[in-house]
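K.L.:
Read off the chains here:
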Amino acid sequence: MKVLVAVKRVIDYNVKVRVKPDNSDVDLTNVKMAMNPFCEIAVEEAVRLKEKGVASEIVVVSIGPKTSQEQIRTALALGADRGLLIETDEKLESLTVAKLLKAVVEKEQPQLVLLGKQTIDSDNNQTGQMLGALTGMPQGTFASEVVVDGDKVNVTREVDGGLRTVGLTLPAIVTTDLRLNEPRYASLPNIMKAKRKPLDMTSPADLGVAMAATQTLLKVVPPAERQAGIKVADVAELVDKLKNEAKVI
Amino acid sequence: MSILVIAEHDNASLKGATLNTIAAAKAIGGDIDVLVAGAGCQAVADAAAAVAGVSKVLLADNAVYAHQLGEVMGDLVAELAKGYSHVLAAATTTGKDFLPRAAALLDVNMLSDVVEVVAADTFSRPIYAGNAIATYQTSDAIKVLTIRTTGFDAVEATGGSAAVEAVGFVSGYDKAVFVGEELAKSDRPELTAANIVISGGRGMQNGDNFAMLYNLADKLGAAVGASRAAVDAGFVPNDLQVGQTGKIVAPGLYIAVGISGAIQHLAGMKDSKVIVAINKDEEAPIFQVADYGLVADLFDVIPELEKLV
Numbered sequence: 000m001k002v003l004v005a006v007k008r009v010i011d012y013n014v015k016v017r018v019k020p021d022n023s024d025v026d027l028t029n030v031k032m033a034m035n036p037f038c039e040i041a042v043e044e045a046v047r048l049k050e051k052g053v054a055s056e057i058v059v060v061s062i063g064p065k066t067s068q069e070q071i072r073t074a075l076a077l078g079a080d081r082g083l084l085i086e087t088d089e090k091l092e093s094l095t096v097a098k099l100l101k102a103v104v105e106k107e108q109p110q111l112v113l114l115g116k117q118t119i120d121s122d123n124n125q126t127g128q129m130l131g132a133l134t135g136m137p138q139g140t141f142a143s144e145v146v147v148d149g150d151k152v153n154v155t156r157e158v159d160g161g162l163r164t165v166g167l168t169l170p171a172i173v174t175t176d177l178r179l180n181e182p183r184y185a186s187l188p189n190i191m192k193a194k195r196k197p198l199d200m201t202s203p204a205d206l207g208v209a210m211a212a213t214q215t216l217l218k219v220v221p222p223a224e225r226q227a228g229i230k231v232a233d234v235a236e237l238v239d240k241l242k243n244e245a246k247v248i
Numbered sequence: 000m001s002i003l004v005i006a007e008h009d010n011a012s013l014k015g016a017t018l019n020t021i022a023a024a025k026a027i028g029g030d031i032d033v034l035v036a037g038a039g040c041q042a043v044a045d046a047a048a049a050v051a052g053v054s055k056v057l058l059a060d061n062a063v064y065a066h067q068l069g070e071v072m073g074d075l076v077a078e079l080a081k082g083y084s085h086v087l088a089a090a091t092t093t094g095k096d097f098l099p100r101a102a103a104l105l106d107v108n109m110l111s112d113v114v115e116v117v118a119a120d121t122f123s124r125p126i127y128a129g130n131a132i133a134t135y136q137t138s139d140a141i142k143v144l145t146i147r148t149t150g151f152d153a154v155e156a157t158g159g160s161a162a163v164e165a166v167g168f169v170s171g172y173d174k175a176v177f178v179g180e181e182l183a184k185s186d187r188p189e190l191t192a193a194n195i196v197i198s199g200g201r202g203m204q205n206g207d208n209f210a211m212l213y214n215l216a217d218k219l220g221a222a223v224g225a226s227r228a229a230v231d232a233g234f235v236p237n238d239l240q241v242g243q244t245g246k247i248v249a250p251g252l253y254i255a256v257g258i259s260g261a262i263q264h265l266a267g268m269k270d271s272k273v274i275v276a277i278n279k280d281e282e283a284p285i286f287q288v289a290d291y292g293l294v295a296d297l298f299d300v301i302p303e304l305e306k307l308v
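Chains as they are written, first to last, in numbering that gives the first Met the number 0: chain Z, 0 to 248; chain V, 0 to 308.
Bear in mind the hints are in silico, worked out from the structure with no lab data behind them.
The model shown is predicted, which means the values in this text are computed figures rather than measured ones.
Every residue, glycine too, gets a C-beta built ideally from N, C-alpha and C.
One should not assume that every hint holds.
[Unchecked claim] Simulated restraints, written as ranges between beta carbons of each label pair:
# : chain 1 : residue 1 : chain 2 : residue 2 : range
1 : V       : G220      : Z       : D239      : 11 to 21 Å
2 : V       : A62       : Z       : S23       : 43 to 53 Å
3 : Z       : L216      : V       : A156      : 35 to 45 Å
4 : Z       : K246      : V       : D299      : 18 to 28 Å
5 : V       : N214      : Z       : K246      : 18 to 28 Å
6 : Z       : K246      : V       : G171      : 51 to 61 Å
7 : V       : A62       : Z       : P188      : 50 to 60 Å
8 : V       : D299      : Z       : D88       : 50 to 60 Å
[Said to hold, decoys possible] Straight-line C-alpha distance at most 25 Å; calculated BS3-like pairs for lysine-lysine:
#  : chain 1 : residue 1 : chain 2 : residue 2
9  : Z       : K246      : V       : K269
10 : Z       : K90       : Z       : K19
11 : V       : K279      : Z       : K242
12 : Z       : K240      : V       : K218
13 : V       : K218      : Z       : K242
14 : V       : K269      : Z       : K240
15 : V       : K269      : Z       : K15
16 : V       : K272      : Z       : K230
17 : V       : K25       : Z       : K218
18 : Z       : K246      : V       : K272
19 : V       : K269      : Z       : K19
20 : Z       : K230      : V       : K306
21 : V       : K174      : Z       : K106
22 : V       : K218      : V       : K272
23 : Z       : K242      : V       : K272
24 : Z       : K1        : Z       : K194
25 : V       : K25       : V       : K272
26 : Z       : K246      : V       : K218
27 : V       : K184      : V       : K218
28 : Z       : K151      : Z       : K51
29 : V       : K306      : Z       : K246
30 : Z       : K218      : V       : K269
31 : Z       : K90       : Z       : K106
32 : V       : K279      : Z       : K230
33 : V       : K174      : Z       : K151
34 : Z       : K1        : V       : K174
35 : Z       : K230      : V       : K269
36 : Z       : K90       : Z       : K65
37 : Z       : K240      : V       : K272
38 : Z       : K15       : V       : K272
39 : Z       : K49       : Z       : K196
40 : Z       : K242      : V       : K269
Isolated chain V (complex conformation) (with noise of 0.2 Å):
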């Protein structure tokens, strides 16, 4: 079998989802080629090199990849997947922009967050926001996934020393281009990758209280998340936003302040090691997931949380 894992990157650093990647295509078994598209981006080659357990490296370093657009990945992904039996990718926004129509191009299915390799043609994937987990079986020549980062553990990004070959392959697809971006700042670490995170709710009552957490994140190491409802309250940018349909993340520890427990929130953040909720309604669905609640207001805990700890 051989795997082809297209990287995760910004044209200038590896991102560790596609470390964790790699380990599902370890679990899968079998050689391990990394695709890196993107312009300028020979570091990140470099980088993906270095990765134990990569058997080659694809670099395809052009203009027409700078913004790894859906349509020009697709046709390149198609292209090079043809000697693969399996293509995997980061289910992140690029992801699942791509891999889709990568998958559609080789006239083949694809399976969406993969947590799980129980056979080279069988995975676990959750279904309805995370209340059940679906096991398929695929025939599909080539099988086109999806990896959901929690569900794997991120291989060592040493100890490799794979070859770098250019790819010749250059889309030619023009009805589609990047005009521009607002991306958000933060020092603090990245929410899917962060091993505390600590998220607001409606509770917060507006985006100035949510100083107050990111207060308490600077003390702890933590990314800052949110919910729906403090998103669509404009309290937070969406890119904070956990759940069904934001981010999923499953830290170490995932402390839950002023935010209800919808289902579509749990869905982004169950798998959490440790769960607290702080809240002052004692019959919030939350409570039933945490592993330690605090009924109480939110606006007196946070500042003496900030001092103890």
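Bound conformation, chain Z alone (with noise of 0.2 Å):
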């Protein structure tokens, strides 16, 4: 079977996030970039699919400016057939990412499409639910287990409580978790592959997906600053001063 994986280029998530001095946005200049951790997770499921002789072909879609190539060619290094960048330099809403990956779902026909349960930057969780509002599919989001069973697939989810499976007809959308696997690193030699590996370009006009916001961003401030606190000597002086001075205990 055809699988499909939405992949983001977002800000590299050890990298401490600068607000700009007029509070418009967050600083993105000269901040090193890299592919959303959840979607590393995602693309490197859809690799043991097919290592499993489940998936077929692996087709990689991302959204974004011209330098997203490079995380749909990270993607091709791990394993992925080919790739597909839907070129746009415009912020876009969760509705209309989900608009535009619905019209690549109607091309590509996938049976199943892995995306990340949120991407580290705008922390929305939201993209693969509307994909599957909007294509009619079935959704397991937060998964930390994939198992395909011929049309059915049973996705084990992390929720609040614990664990949960649901069983899902295909085909069907899968949002990752951090332990659904441990992505694998690209050796030298796929990432001269993946070079040679296809790679087509399109425009969400292409795609006939029109690109309306209803979200304007006001303002981006940094989070109250916590101040460092005081160093105690020992174990009687922390619970002295737990009890005696911010007595919450």
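Work from the hints to combine the two standalone chains into their complex.
P.N.:
Structure (structure tokens):
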């Protein structure tokens, strides 16, 4: 079966972001960018499904500026077969992303769509679910285990009280949680091979999707600063401070 | 304005998260209706009707909603939402699963993890793992929001007497079925609602050592949490994880034991009122946010602490 994986270029997860002095947004100039960690897990899962003989072809799609080609090439080096970049310089809301992905789903007809559960920049956790609604596909969100069995997929999900398993009829959508797998590193020969794999370019207009934004970003501020407190010498002093100064125990 | 709040529950009792979500609805202002969708959940509807400030409770009691699967809940919420200006659910794994689905069916965007209501169409939410707070104004006809429960103080669970009305709509979606679940059992308070949280990290070395934290927690009436490192190493189950990808907590006292304090962990606990860090590495970033820091071996500190409190 064909698997479609959506990946996003985001700020590297180790970078401490800075808010612009005019409070218009966070400052992303000269900041290290990378593939969103949850998307990496989605790519890894697709590659494992291919290695098991479940998946026959892996198509990677990204939506964003031209530089997002780097993240698609990374996915190709990890084992995806071909890439598709929907090029746009605009900052997109989840619904627009879901509409663009729906257009790709209609064209590619994948049996399984893998996405990360959230991106670490906007922290929305929406796109997979929205794509489910638009395509009518069932959704296995926050997946920590994916087992394809004929025309069904069983997805074990990480929920607040523990784990829950749902059975979905394919085609289906799965969004990945951190514990689904441990992504591999791309080897140098695979990185070289990835350069020859096909990477098509398209645009939102080509896909017939209107880019209507409904959310206006008014301002971005740093969170209330927390000052470092004091170091205590021993446990007795700690207990004394908690009881008599902070009065929390 | 009229607001629909979707209740968080387990078919037997109304979860505290619902009370925080209703508080956010109050901050918006307007009539507040609560939807209780489940199976055999009359008691939950009664509890919701007793919450102060609730105008009406909509009860969708049907076997198809027994496990509140995202697909059927999405259908139901989208069907009912049409008469409302705002639709709110708690930012739990249940709310995060069905609400974006409902929003897309309504052809509107949504805002996740709202921590502040600025105006009826303007809301603030953390982005970049809580390292920035963004304020958005939305022009969507129906404002769809998940509410970060730690951002709003719970409303009183009593004092109201709303009418309960049955909902006729039943989703016919059948491509997703519930197979089973494995829920962690605990007598300790719920992590997201506890007033004291004690979390262990990689420094705990193994799962057995968490017994020390459980003993201390029981003495303090606290909940136990963990860092991602402790979960990934298999010390504790994943539902204890505090952080960007786990649970967000803001207790009165947070005690971080053997946790270095990575950005992703801080995202889940830095709004706690008092933070205590116990770590033998003096340079650990957790000390930069801790009100009280103790540089010492946790294996000496925890038993002593248990004796003294």
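K.L.:
So, for every hint listed, does it hold in this structure?
P.N.:
The hints, checked one at a time:
1. Evaluation of the 11 to 21 Å hint for G220 (chain V) and D239 (chain Z) yields a pass: the beta carbon distance comes to about 20 Å.
2. The hinted window of 43 to 53 Å between A62 (chain V) and S23 (chain Z) holds, with their beta carbons roughly 50 Å apart.
3. At roughly 36 Å, the beta-carbon separation of L216 (chain Z) and A156 (chain V) lies within the given 35 to 45 Å, and the hint holds.
4. About 26 Å separates the C-beta atoms of K246 (chain Z) and D299 (chain V), a value consistent with the hinted range of 18 to 28 Å.
5. For the pair N214 (chain V) and K246 (chain Z), the beta carbons lie near 23 Å from each other, so the given range of 18 to 28 Å is met.
6. The hinted range of 51 to 61 Å is satisfied by K246 (chain Z) and G171 (chain V), whose Cβ atoms lie roughly 56 Å apart.
7. Taking 50 to 60 Å as the suggested C-beta distance range, the pair A62 (chain V) and P188 (chain Z) conforms, at roughly 55 Å.
8. Between D299 (chain V) and D88 (chain Z) the CB atoms are about 56 Å apart, so this pair conforms to the stated range of 50 to 60 Å.
9. Taken as a hint, the K246 (chain Z) and K269 (chain V) pair is honoured in the structure, with Cα atoms around 19 Å apart against an allowance of 25 Å.
10. Distance check on the hinted pair: K90 (chain Z) and K19 (chain Z) sit about 17 Å apart at the alpha-carbon level, within 25 Å; holds.
11. A C-alpha spacing of about 23 Å is found between K279 (chain V) and K242 (chain Z), which places the hinted pair at or below 25 Å, so the restraint holds.
12. Using a Cα cut-off of 25 Å, the hinted pair K240 (chain Z) and K218 (chain V) holds, with the two alpha carbons roughly 18 Å apart.
13. As the CA atoms of K218 (chain V) and K242 (chain Z) are separated by approximately 15 Å, the hinted pair is consistent with the 25 Å bound.
14. Restraint check for K269 (chain V) and K240 (chain Z): the C-alpha separation of about 20 Å stays at or below 25 Å, so the hint holds.
15. In summary, the hint linking K269 (chain V) to K15 (chain Z) is supported, as the alpha carbons are separated by about 15 Å, within the 25 Å threshold.
16. Straight-line distance between C-alpha atoms of K272 (chain V) and K230 (chain Z) comes to about 17 Å, which keeps the hinted pair within the 25 Å bound.
17. Simply put, K25 (chain V) and K218 (chain Z) have alpha-carbon atoms about 24 Å apart, close enough for the 25 Å limit, and the pair holds.
18. Using a Cα cut-off of 25 Å, the hinted pair K246 (chain Z) and K272 (chain V) holds, with the two alpha carbons roughly 11 Å apart.
19. A distance of roughly 22 Å separates the Cα atoms of K269 (chain V) and K19 (chain Z); the hinted pair therefore holds under the 25 Å criterion.
20. At most 25 Å may separate the alpha-carbon atoms for a hinted pair to count; K230 (chain Z) and K306 (chain V) meet this at roughly 21 Å.
21. Between K174 (chain V) and K106 (chain Z) the alpha-carbon distance is near 22 Å, which keeps this suggested pair within the 25 Å criterion.
22. Under the criterion of a C-alpha separation no larger than 25 Å, the hint pairing K218 (chain V) with K272 (chain V) is consistent with the structure, at around 20 Å.
23. For the hint linking K242 (chain Z) to K272 (chain V), the alpha-carbon distance of about 14 Å falls within 25 Å, and the restraint holds.
24. Taken as a hint, the K1 (chain Z) and K194 (chain Z) pair is honoured in the structure, with Cα atoms around 22 Å apart against an allowance of 25 Å.
25. Among the hinted pairs, K25 (chain V) with K272 (chain V) is consistent with the structure: their alpha-carbon atoms are about 24 Å apart, no more than 25 Å.
26. Taking the CA atoms of K246 (chain Z) and K218 (chain V), the gap is near 16 Å; set against the 25 Å cutoff, the hint holds.
27. Between K184 (chain V) and K218 (chain V), the direct Cα distance comes to roughly 19 Å. Compliance with the 25 Å bound is thereby established for this hinted pair.
28. For the proposed pair K151 (chain Z) and K51 (chain Z), the alpha carbon gap of about 16 Å is at most 25 Å, so the pair holds.
29. Between the alpha carbons of K306 (chain V) and K246 (chain Z) the distance comes to roughly 18 Å, so the proposed pair stays at or under 25 Å and holds.
30. The hinted pair formed by K218 (chain Z) and K269 (chain V) meets the criterion: a straight-line CA distance of about 22 Å does not exceed 25 Å.
31. Proximity of K90 (chain Z) to K106 (chain Z) is assessed by CA-CA distance (about 24 Å); at most 25 Å being required, the pair is judged to hold.
32. Restraint check: the Cα-Cα separation between K279 (chain V) and K230 (chain Z) comes to about 12 Å, which is no more than 25 Å; the hinted pair holds.
33. Taking the CA atoms of K174 (chain V) and K151 (chain Z), the gap is near 9 Å; set against the 25 Å cutoff, the hint holds.
34. Proximity of K1 (chain Z) to K174 (chain V) is assessed by CA-CA distance (about 19 Å); at most 25 Å being required, the pair is judged to hold.
35. Distance hint between K230 (chain Z) and K269 (chain V) is fulfilled; the C-alpha atoms sit about 18 Å from each other, no more than 25 Å.
36. Restraint check for K90 (chain Z) and K65 (chain Z): satisfied, since their Cα atoms lie roughly 13 Å apart, inside the 25 Å limit.
37. Restraint check: the Cα-Cα separation between K240 (chain Z) and K272 (chain V) comes to about 14 Å, which is no more than 25 Å; the hinted pair holds.
38. At roughly 23 Å between alpha-carbon atoms, K15 (chain Z) and K272 (chain V) fall within 25 Å of each other, so this suggested pair holds.
39. For the given pair, K49 (chain Z) sits about 17 Å from K196 (chain Z) by alpha-carbon distance, which is consistent with the 25 Å threshold.
40. Distance check on the hinted pair: K242 (chain Z) and K269 (chain V) sit about 21 Å apart at the alpha-carbon level, within 25 Å; holds.
Violation of the numbered hints given earlier is absent; every hint is satisfied by the structure.
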